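Chains as they are written, first to last, in the working numbering: chain A, 1 to 241; chain B, 1 to 153.
Treat the hints with care, since some could be wrong.
Here's a subset of chain A near chain B, in silico, CB distances under 8 Å, partners left out [stated by the list, open to error]:
(1) Val21
(2) Ser66
(3) Ala68
(4) Pro70
(5) Arg129
In the SDA-like style, the derived pairs of lysine to any residue whose C-alpha atoms are separated by at most 25 Å in a straight line are [as the list claims (entries may be wrong)]:
(6) Lys102(B) / Gly30(B)
(7) Lys141(B) / Lys130(A)
(8) Lys232(A) / Ser80(B)
(9) Lys232(A) / Ala60(B)
(10) Lys130(A) / Gly72(B)
(11) Lys54(A) / Lys130(A)
(12) Lys232(A) / His14(B)
Read the hints as simulated data drawn from the structure, not as lab findings.
Predicted model only: the values in this text are computed from it and were never measured.
Quick reminder that beta carbons are idealized off the backbone N, C-alpha and C, glycines included.
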Amino acid sequence: MSALAHYFEEEGLATTAIALVREHAEKIRPPRALWVPFELGRPLGAPDEPEFQKQVLRAALALLESSAGPVVLEDFPDDAPGAKEEDMTGWVCPVSFAPPPAEDQGPVTATLQEIAELSPWYQLSLDRRKRTMVGVSGLEIDDATRYVASFLDETPAENPMPDRPAAFAFKDAFTDILAYYSEAGTAQPGTRSSQEVQDWFWQQTAAGKLMLAVQDAARNSADADLRIFAEKTMLPKTQGG
Amino acid sequence: MARMEDLVESEQAHLRHLPLPSFESTPWVGGPALSERRVAIVTTAGLSLRGEKLFTRGSADYRVIPGDADTGDVLMNHVSVNFDRTGFQDDVNVVYPIERMKEMAAAGEIGSVAGFHYSFMGATDTGEMESSARELAGMLKEDQVNAVILTPV
Numbered sequence: 001m002s003a004l005a006h007y008f009e010e011e012g013l014a015t016t017a018i019a020l021v022r023e024h025a026e027k028i029r030p031p032r033a034l035w036v037p038f039e040l041g042r043p044l045g046a047p048d049e050p051e052f053q054k055q056v057l058r059a060a061l062a063l064l065e066s067s068a069g070p071v072v073l074e075d076f077p078d079d080a081p082g083a084k085e086e087d088m089t090g091w092v093c094p095v096s097f098a099p100p101p102a103e104d105q106g107p108v109t110a111t112l113q114e115i116a117e118l119s120p121w122y123q124l125s126l127d128r129r130k131r132t133m134v135g136v137s138g139l140e141i142d143d144a145t146r147y148v149a150s151f152l153d154e155t156p157a158e159n160p161m162p163d164r165p166a167a168f169a170f171k172d173a174f175t176d177i178l179a180y181y182s183e184a185g186t187a188q189p190g191t192r193s194s195q196e197v198q199d200w201f202w203q204q205t206a207a208g209k210l211m212l213a214v215q216d217a218a219r220n221s222a223d224a225d226l227r228i229f230a231e232k233t234m235l236p237k238t239q240g241g
Numbered sequence: 001m002a003r004m005e006d007l008v009e010s011e012q013a014h015l016r017h018l019p020l021p022s023f024e025s026t027p028w029v030g031g032p033a034l035s036e037r038r039v040a041i042v043t044t045a046g047l048s049l050r051g052e053k054l055f056t057r058g059s060a061d062y063r064v065i066p067g068d069a070d071t072g073d074v075l076m077n078h079v080s081v082n083f084d085r086t087g088f089q090d091d092v093n094v095v096y097p098i099e100r101m102k103e104m105a106a107a108g109e110i111g112s113v114a115g116f117h118y119s120f121m122g123a124t125d126t127g128e129m130e131s132s133a134r135e136l137a138g139m140l141k142e143d144q145v146n147a148v149i150l151t152p153v
C-alpha cells in the first residue's frame, strides 16, 4: 500500500496513507502515513461508526497540510470502538442447527442442509444490511459448495467459470461460502468479534469441516495454483493455517 | 489490534518476513488547503464491482469504482483470509470510506470527492504494480484529483 504512495508522488500526486502495520510503513517510508491500531481489515476502525471513521480520515488528511516531511509517520491515538476482545466474549451464532445428518450422508449433504437452515438468516442479513458480499463467483451458494466439495474427488467437477482458471474459480466459490456463513451467522445485530465468527465457521459448522477436508485434498492437487491456495491462503493463521 | 504483538505468532512472522520494496528517496508533493483538495480513494483491498473481471493472486492491475456506484455492488475479492471481513460486510466505509468522504466534502472539510476511485489487489509485488500505478496517476489527474488517500486491509 505504502509503495503506491511513492509512485503517485513521483507522478505529481500528493498522497496520505493509512497504515495498519507500522513496521511496514517504517521500512517503506511513504511521504505521509497515519498508523492506526486497528484490526487488519478495518483501516477506518469500525463499521457503522461514522463519526469515528471521520476522525480517522481527518487525521490522515491533515497530513496533507503538514510541512514536516518528507516522511511523516503519525500514530492515531485511539483504539477503535468496541475493539477490545474482552468486551466481546460469549457470542454464539443465533442459529440452532438441526441434528446433523447421519454420518453416511457425508459432509456435502450436511453442509447443504446447514446452508438451507441458514437461508432465512442470510435473508435477514440482506434485509438489514441491504447488501451482500456473496456473489464473487456468480454461483448459487449450493452450486458453489458442490463445486468446492468436488475437489475431494479424484476428478473435480467441470470448472463452472470458463473465464477463470479452476484454482481461482475454486477460491471464488470458497470466498462466497465464507461470506454466506459470516453474513447469515451475524444477521442479528449484536456485539461479536471477527475471531468468534471465524472460530464458529471453522470449528462448529459442517461447512468448516468440509472446507478443512477439501483443503487437505487440495494440498495434493496436480494444479500448482490450487496447491498454493490450499497451503497458504485458505485457512486463516489463527486456525492453524 | 493491528499492533504486531496482538497477532498470532505465525502472522507476526509472516508480516515481519514479507519482502518489502525500498526507495532511495521520498518524493513530496505539496498542494492547496484541504478545503481545495479533490480527493480520490485508492485501496489495496481487492475490491471490484459485482460482475466485473475478478482479481487473481498476484494481479497487478486495478479496478475502477465510480464514485456513484451502489455500495451494494462493491465486492471484496482479496486472496488473503488473514484479515477481518466482517467489518466490511457490515459497512463498506470501514475499508472504502466513500460515504464519509462525501459527507466531508458536503461539510466543506475537503474540496470535493473524485469521480472515480480505484482498487488494487493487496499481497502483490509492488514492483509489478508500478506501471499500473503510474498509468493510474494520469487518470487521477485527468479527474482533477490533487490528493489520494490510500487504504489497506
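Okay, the hints, checked on the actual structure:
1. Val21: At 6 Å from the nearest chain B Cβ, Val21(A) passes the 8 Å test, so the hint holds.
2. Ser66: violated (10 Å)
3. Ala68: With Cβ-Cβ at 10 Å, over 8 Å, it is violated.
4. Pro70: holds (4 Å)
5. Arg129: Interface hint status for Arg129(A): holds (7 Å vs cutoff 8 Å).
6. Lys102(B) / Gly30(B): Holds, because 23 Å separates the two Cα atoms, which is no more than 25 Å.
7. Lys141(B) / Lys130(A): Distance of about 33 Å is beyond 25 Å: violated.
8. Lys232(A) / Ser80(B): holds (9 Å)
9. Lys232(A) / Ala60(B): holds (19 Å)
10. Lys130(A) / Gly72(B): holds (7 Å)
11. Lys54(A) / Lys130(A): holds (22 Å)
12. Lys232(A) / His14(B): holds (11 Å)
Comparing the model with each earlier hint shows violations of hints 2, 3 and 7; every other hint is respected.
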